[in-house]
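So the protein sequences, as listed, match chains A and B. Residues in the first sequence are numbered consecutively from 1, following the working numbering. Residues in the second sequence are numbered consecutively from 1, following the working numbering.
It is possible that part of the hints are untrue.
Same chains, same label: a pair holds when it works inside one copy or across any pair of copies.
As a list, the in silico DSS-like pairs of lysine-lysine whose alpha-carbon atoms are at most 30 Å apart [stated by the list, open to error]: (1) Lys-62 to Lys-111; (2) Lys-157 to Lys-147; (3) Lys-157 to Lys-193; (4) Lys-111 to Lys-4; (5) Lys-193 to Lys-147.
In case anyone wonders, no lab produced these hints; they're calculated from the structure.
Listed below are the residues making up each chain.
There are 2 protein chains.
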Amino acid sequence: MENKGLLLVLSGPSGAGKGTVCRALLQNNPSMVLSVSATTRPPREGEEDGVHYYFLEKETFKKMIEEGQFLEWAEVYGNYYGTPRRFVQEALGRGEDVILEIDIQGALQVKEKIPEAVLVFLIPPSRSELSLRLVSRGLDLPEEIEKRLNCSADEIKLAERYDYIVVNDDIGRAAGKVEAIIMAEKSRPRYFKRFFEQFLR
Amino acid sequence: MENKGLLLVLSGPSGAGKGTVCRALLQNNPSMVLSVSATTRPPREGEEDGVHYYFLEKETFKKMIEEGQFLEWAEVYGNYYGTPRRFVQEALGRGEDVILEIDIQGALQVKEKIPEAVLVFLIPPSRSELSLRLVSRGLDLPEEIEKRLNCSADEIKLAERYDYIVVNDDIGRAAGKVEAIIMAEKSRPRYFKRFFEQFLR
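Chain A on its own, in the form it takes in the complex (with noise of 0.2 Å):
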C-alpha cells in the first residue's frame, strides 16, 4: 500500500444526503478525486455526462459487467449503475486519494475486491427526517418514495458491516467528521513504511 491513495466509499440510503456531504468534502480537499459512476437511467435536468455519471445504453453496459470492467454493479429499480474499475485503480496508484458515492450494495462489492477501501454510512438523523428529505427533493413518485422507505430499513441493517457511521443531521458537521475519519485512516501504518526507513536510516 505505501504511496498509494486512500479509497473513500461514501455510502447510504436514499436521501441520507452523500451527494452533499461529498460536494462539501471535495470542497475543502481539492485533491482528492472524485469517481463518475455509469448508469443507464436517463439523465435528470442539469446532469452532465461524464460529470454527474457516464450516460451509458443497457447493451454498452452488459458487455462491461462480462468484460469485468465494474469495481460494483447493480440493477436498481430497473437501471445499471456501476463504478468503472480503472479510473479507481489508476488515480489510487499514483497516491491519489479517490471518493465514490454509491449505494450500499455496491460499497460492500467494493470492499470485498479492495479490503483497504475505508467505508462510511452516512445516515439521516431519523427516519421521519428521511422520509422528509425524499419527499422535498421532488425527485421520486410517491410510490417510488415509498420504496426507497422500505428498502432503506433493510439496507440499514447492513450499517454493521461499514468502517464508520455518520449521521448527516448538519452538512457541515458531517462532513468534518468524514474528513476527521479520512486523517485517522491516512495515520495508519501503512502509510509510514518510507517514514521509518529514513527514521532508522
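Please build the complex by placing chain B on the supplied structure of chain A, with the hints as guidance.
Leaving out everything else, chain B in the frame of chain A:
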C-alpha cells in the same frame, strides 16, 4: 461495547512528547479521563503522588502484580511501572473515555487484554530531533540518553502493530490528529446500536 467509553493508549519512545500531547488533549477534551500509572521510581521534582504517578514501594508493586491488579506493567531501567486495572475498567464501564500515556511494550500488553483499545504511536519527526529532545529536557544522564536512543530503534519497529501513527512535529498539529482519531473511532458501528434500534422502530 454499547455505551462504553473509548480507551485511547498514547505511546511512543521516550522523548516523543507523549506528556505534552496528552496535556493538550485533556485541555481540549475535559470529559476525557487520564489514567494515573503506578511506579516504584522516586518522584522527580514537582511530581505529586496520585497526580503524576502513584509512587509505590517495590514490595507493594510486586504484590499487586501477583494479584493481577495491573492492565500492563514492566520493569524499565530497574524501576517498575504499571497501569492499575480497576480505575480504567470502571471508568470505561461508566462510558467515560480514558487516556493511557504509557510505554511501547505496555501499550501492546493493553491491546492483548482489551482488543478494542485504540493504540496511537507518537514519534518525533527524526532521530536527531529525538536525541535533541532527550538532551534538552535534562532529565537523563548522558549514558541514559544513549540507552534510550538505542532502545528506541528497536521499539520503533513495533509501531506497525499499532492502530495509528502520529508524527509529533508540532504539538497542536499532533494533538489535532489524535483528536481526529478519537472522532473517527467514536464513529465505529458498535457505538450506534441504540441509534439503529430507535431508527428502525
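> Hint by hint, which ones does this structure get wrong, listed from lowest number up?
Replying inline: none
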